[in-house]
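**Q** Here is how the chains run, residue by residue.
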Amino acid sequence: MAQKLLEINKVGKSYGDSVILSNANLVINEGEFIALVGMSGGGKSTLLRMLAGLEETSAGSIIQEGNKIHGLNKEARVMFQEDRLLPWMNVTDNVLLDKKGKQAVAEAAQLLEQVGLSQYSTKIPTQLSGGQRQRVALARALMSHPRLLLLDEPLGALDALTRTKMQELIRKVCQDKAITTFLVTHDINEAVRMADRIAVIKNGTIWRIVENPYRGKESLGDKEKEVEISEEILAEILE
Amino acid sequence: MENIETNENYHFSLKLKNSLPWLIPVFLIAFWQVACNLSWVNETLLPSPIDVVTNGIKLFKKGELQENMSISLYRATAGLLIGGGLGFVLGFINGVSHTTRLLFDSTIQMLRNIPHLALIPLIILWLGIGESAKISLVALGCLFPMYINTYHGITSVDPKLIEMGKSYELSKKDLFVKVIFPGALPTILMGVRYALGVMWTTLIVAETISASSGIGYMSTNAEQFMDMKTIVLCILIYALLGKSSDFIAKNLEDIFLEWRAIERRDTNGSEASGDK
Amino acid sequence: MKNLKKSFIVVLLLFWCGVAVYGWHLTREDAGSSSLKNVVVGYQAGDEFYVSKIRGQFVKKMKAKGYNVKFKEFQNGAAMMQALASGNVDYARVGDTPPVSALASGTKLTYVAAGGTKAKGSGILIHKNSSIKTLADLKGKKVAYTKGTSSQYMLLRALKVAGLSNDDITWVNLDSDAASVAYSKGKVDAWANWDPSVAQVEITENSKLLVDGTTTKALNRSFIVSPTTYASKNKTLSKLIIKYTEQDMKWANKNHSKLIKKMSADLKLSKKVVRRSITRRTFSMSSMSKSVVKEEQEIANVFYDNNILTKKINVSKHVQYLK
Ligand SMILES: Nc1ncnc2c1ncn2[C@@H]1O[C@H](COP(=O)(O)OP(=O)(O)OP(=O)(O)O)[C@@H](O)[C@H]1O
Ligand SMILES: [Mg+2]
Numbered sequence: 001m002a003q004k005l006l007e008i009n010k011v012g013k014s015y016g017d018s019v020i021l022s023n024a025n026l027v028i029n030e031g032e033f034i035a036l037v038g039m040s041g042g043g044k045s046t047l048l049r050m051l052a053g054l055e056e057t058s059a060g061s062i063i064q065e066g067n068k069i070h071g072l073n074k075e076a077r078v079m080f081q082e083d084r085l086l087p088w089m090n091v092t093d094n095v096l097l098d099k100k101g102k103q104a105v106a107e108a109a110q111l112l113e114q115v116g117l118s119q120y121s122t123k124i125p126t127q128l129s130g131g132q133r134q135r136v137a138l139a140r141a142l143m144s145h146p147r148l149l150l151l152d153e154p155l156g157a158l159d160a161l162t163r164t165k166m167q168e169l170i171r172k173v174c175q176d177k178a179i180t181t182f183l184v185t186h187d188i189n190e191a192v193r194m195a196d197r198i199a200v201i202k203n204g205t206i207w208r209i210v211e212n213p214y215r216g217k218e219s220l221g222d223k224e225k226e227v228e229i230s231e232e233i234l235a236e237i238l239e
Numbered sequence: 001m002e003n004i005e006t007n008e009n010y011h012f013s014l015k016l017k018n019s020l021p022w023l024i025p026v027f028l029i030a031f032w033q034v035a036c037n038l039s040w041v042n043e044t045l046l047p048s049p050i051d052v053v054t055n056g057i058k059l060f061k062k063g064e065l066q067e068n069m070s071i072s073l074y075r076a077t078a079g080l081l082i083g084g085g086l087g088f089v090l091g092f093i094n095g096v097s098h099t100t101r102l103l104f105d106s107t108i109q110m111l112r113n114i115p116h117l118a119l120i121p122l123i124i125l126w127l128g129i130g131e132s133a134k135i136s137l138v139a140l141g142c143l144f145p146m147y148i149n150t151y152h153g154i155t156s157v158d159p160k161l162i163e164m165g166k167s168y169e170l171s172k173k174d175l176f177v178k179v180i181f182p183g184a185l186p187t188i189l190m191g192v193r194y195a196l197g198v199m200w201t202t203l204i205v206a207e208t209i210s211a212s213s214g215i216g217y218m219s220t221n222a223e224q225f226m227d228m229k230t231i232v233l234c235i236l237i238y239a240l241l242g243k244s245s246d247f248i249a250k251n252l253e254d255i256f257l258e259w260r261a262i263e264r265r266d267t268n269g270s271e272a273s274g275d276k
Numbered sequence: 001m002k003n004l005k006k007s008f009i010v011v012l013l014l015f016w017c018g019v020a021v022y023g024w025h026l027t028r029e030d031a032g033s034s035s036l037k038n039v040v041v042g043y044q045a046g047d048e049f050y051v052s053k054i055r056g057q058f059v060k061k062m063k064a065k066g067y068n069v070k071f072k073e074f075q076n077g078a079a080m081m082q083a084l085a086s087g088n089v090d091y092a093r094v095g096d097t098p099p100v101s102a103l104a105s106g107t108k109l110t111y112v113a114a115g116g117t118k119a120k121g122s123g124i125l126i127h128k129n130s131s132i133k134t135l136a137d138l139k140g141k142k143v144a145y146t147k148g149t150s151s152q153y154m155l156l157r158a159l160k161v162a163g164l165s166n167d168d169i170t171w172v173n174l175d176s177d178a179a180s181v182a183y184s185k186g187k188v189d190a191w192a193n194w195d196p197s198v199a200q201v202e203i204t205e206n207s208k209l210l211v212d213g214t215t216t217k218a219l220n221r222s223f224i225v226s227p228t229t230y231a232s233k234n235k236t237l238s239k240l241i242i243k244y245t246e247q248d249m250k251w252a253n254k255n256h257s258k259l260i261k262k263m264s265a266d267l268k269l270s271k272k273v274v275r276r277s278i279t280r281r282t283f284s285m286s287s288m289s290k291s292v293v294k295e296e297q298e299i300a301n302v303f304y305d306n307n308i309l310t311k312k313i314n315v316s317k318h319v320q321y322l323k
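Protein chains in written order, with the working numbering: chain A, 1 to 239; chain B, 1 to 276; chain C, 1 to 323.
Worth flagging that the hints you see were computed from the coordinates, not collected in a lab.
Just so you know, not all the hints are guaranteed correct.
Capping the alpha-carbon separation at 27 Å, the derived lysine-lysine pairs in DSSO-like fashion look like this [claimed, not checked]: (1) Lys5(C) to Lys17(B); (2) Lys10(A) to Lys177(A); (3) Lys185(C) to Lys208(C); (4) Lys63(C) to Lys258(C); (5) Lys15(B) to Lys2(C); (6) Lys120(C) to Lys5(C); (7) Lys17(B) to Lys100(A); (8) Lys250(C) to Lys70(C); (9) Lys17(B) to Lys6(C); (10) Lys63(C) to Lys61(B); (11) Lys166(B) to Lys100(A); (12) Lys99(A) to Lys166(B); (13) Lys166(B) to Lys68(A); (14) Lys268(C) to Lys58(B); (15) Lys177(A) to Lys4(A); (16) Lys268(C) to Lys62(B); (17) Lys160(B) to Lys100(A); (18) Lys99(A) to Lys172(B).
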């Protein structure tokens, strides 16, 4: 049914003697929201960085629309665990980065409005809260119209309330813009709340992929299913 | 009512804070004048501040003072621009390129440990005693602090920010202009401030090499004839020039590193409120 | 407020640059025009070239002959010899000892001209109330001098005249500033020195010369020296320099009051001091003669005998007799 955007094909990664990943397989479809969960140190960030082209694979290949990813993946944009905003630039300039022109400025303003930061456009990052900073980082990532949005635990450092708000925001924006999203998280509830499919990383490979038809549904029955799936995944990881 | 009072108190304490740094110099000068008036010190060994100032006015009217000052300022500035510029370029190149770093850095570190004033005899023999010798000496003095700070500044920019820039497809130029340079700027400006200090100290020495103009010449010339007023005047001028260049450097930091000032103000604010 | 500060700094920087550019112009002013051949003349305040410089005729006459004269001031003879060795000075006016030391250290220089002496203003200073009355009284006393300068030669000569040996006095090697303090504080009993410093000390420290150069034969003569290769290529130029400075010296001898006024301002000495030093010397400049070469040879010999020089110098090999 859905178009295939990217295929992770028997990918392995090792640093020297230590093998981090081996024989990992995953297909990411156009427009879907996929989450990657697993133990800390399990190689989640490593896989994400390989998708971004910030790291080379040691074995296997990552094919994006028929091309093997080698070097920077220009279709993708990463939102890092830390916001990585430039502290010497104001919010608008951070969103714009190297983009110039009236149109770009207008678009940046529109994105800032979308993430609810219109009145902060001239502030510098140190004047913002953690959640606000991550929203700027989201706007910055969206500014380049990526086809693939790679999120590496961007909400890890936020408090529970802000976190929930951000989850909704990200989910909504990605859906509106039909951006394929790959979310790395250690919070299984977050994964279940946001993703269409959840990949579980274990023993240095993609162990299982869980379909999540109940994502974001409001009815009580579905909520219960969500909790069920979460517990199932957790049990699987800890097994 | 109360509000106004605290407000006034605040303004008063602000004034006090602003004048605090001047307290000791003013007190010292006053003490010095009094000591001279009461003949606690021998006038031929230490003339009074008023004598020094009147001597300065006399030299100013003759045109000597401002001519020598402008010549010194020219030498200092030229040396700073050449040496500082070269240090910046070298530091920049070595900061970004691994190959040149391997090629040059250890050599530069080696040369850095030679006190630049020890090179005076060589510089005289190579470049003579004209302007170029003096300017080169100042340039040599300014080169290393600028090099070290630029190099250090550029190599210690947060690699995560650089990775972000690269992954957001910034061109080499943009990566430098928007990420690396601003990130290195605080350290580079520290280098500028340091170079300014070295600039003046080197210049004093440089101008004692057969100069026929400049503040250093005025001072050594006066020394020959035990003209204490002029000697002290020259020392005061150096202090003044040093202070004003430091003032400029500090304000440049404030202007270019406004983002850091905001950060600091924030943390200061929270600390102050935490106190109470 | 912030903008105010910014514009203030900008104004300050512009002012800085403006002043620096002005300074640059000042240093360029004496660079002179390029069609003329540059001649760099080294001098010390108060000497023969200084007289030529303040009179102003010398530069004009030289310009008319196609030379652009640049005066360079030095604080002492050693610095001037260093500049001469590196080819940064074409003609240098020095006292009688620096060229001998320079020759011994391998500098290739040639004596081009000889000036007058400061015999009456060079000698051994003592306080008027000092217990030292005759040269012989120096025995056992502390005497300040500066190593390698005329003052060392003076002292050596004075001891010889007095029939004392070198070990009969305590030699205190001090540069002139330190010596001045040591002398006025009574840390040394006598001080071998020369004008205008002698005149200054005589007046301000109630002192007199125990002996001067007319007795010791340490005359403290002026010379003009030039790098050997330069001198051999520029004989006509050397002759011109001798001719014009000679004219200036005649002027100086006739115009004491003008000279005193200018010198006291430039040297920052009182007119009284300058007058005393000027009236007891005669300005002159002429080409080298056998008799002055003999004087120099004597200095070289004495310095060699006292291990001040490590090499024997034959002065006559480094002389041009221009006629
Ligand atoms: N450059 C590197 N060199 C050597 N080992 C590395 C390197 N980068 C990561 N590793 C190792 O690879 C393993 C996986 O790291 P990774 O960052 O992918 O884990 P993660 O699943 O993202 O964990 P977390 O949830 O804590 O972020 C870790 O054991 C780490 O030590
Ligand atoms: Mg990680």
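**Q** Against each hint, give a clear statement of whether it holds in the structure.
**A** Comparing the hints with the structure gives:
1. Lys5(C) to Lys17(B): Status holds; Cα separation ~19 Å.
2. Lys10(A) to Lys177(A): violated, 30 Å
3. Lys185(C) to Lys208(C): Holds, at roughly 16 Å.
4. Lys63(C) to Lys258(C): Between Lys63(C) and Lys258(C) the Cα gap is close to 24 Å, so the pair holds against 27 Å.
5. Lys15(B) to Lys2(C): Holds, because 18 Å separates the two Cα atoms, which is no more than 27 Å.
6. Lys120(C) to Lys5(C): violated, 63 Å
7. Lys17(B) to Lys100(A): Answer violated: Lys17(B) to Lys100(A) is near 44 Å, above 27 Å.
8. Lys250(C) to Lys70(C): holds, 22 Å
9. Lys17(B) to Lys6(C): holds, 22 Å
10. Lys63(C) to Lys61(B): violated, 31 Å
11. Lys166(B) to Lys100(A): Judged against 27 Å, a Cα distance of about 18 Å means the pair holds.
12. Lys99(A) to Lys166(B): Cα-Cα ~14 Å, so holds.
13. Lys166(B) to Lys68(A): holds, 20 Å
14. Lys268(C) to Lys58(B): holds, 13 Å
15. Lys177(A) to Lys4(A): holds, 18 Å
16. Lys268(C) to Lys62(B): holds, 14 Å
17. Lys160(B) to Lys100(A): Roughly 24 Å separates the two Cα atoms, so the pair holds.
18. Lys99(A) to Lys172(B): Between Lys99(A) and Lys172(B) the Cα gap is close to 14 Å, so the pair holds against 27 Å.
Violated hints for the displayed structure, listed by number in ascending order: 2, 6, 7 and 10.
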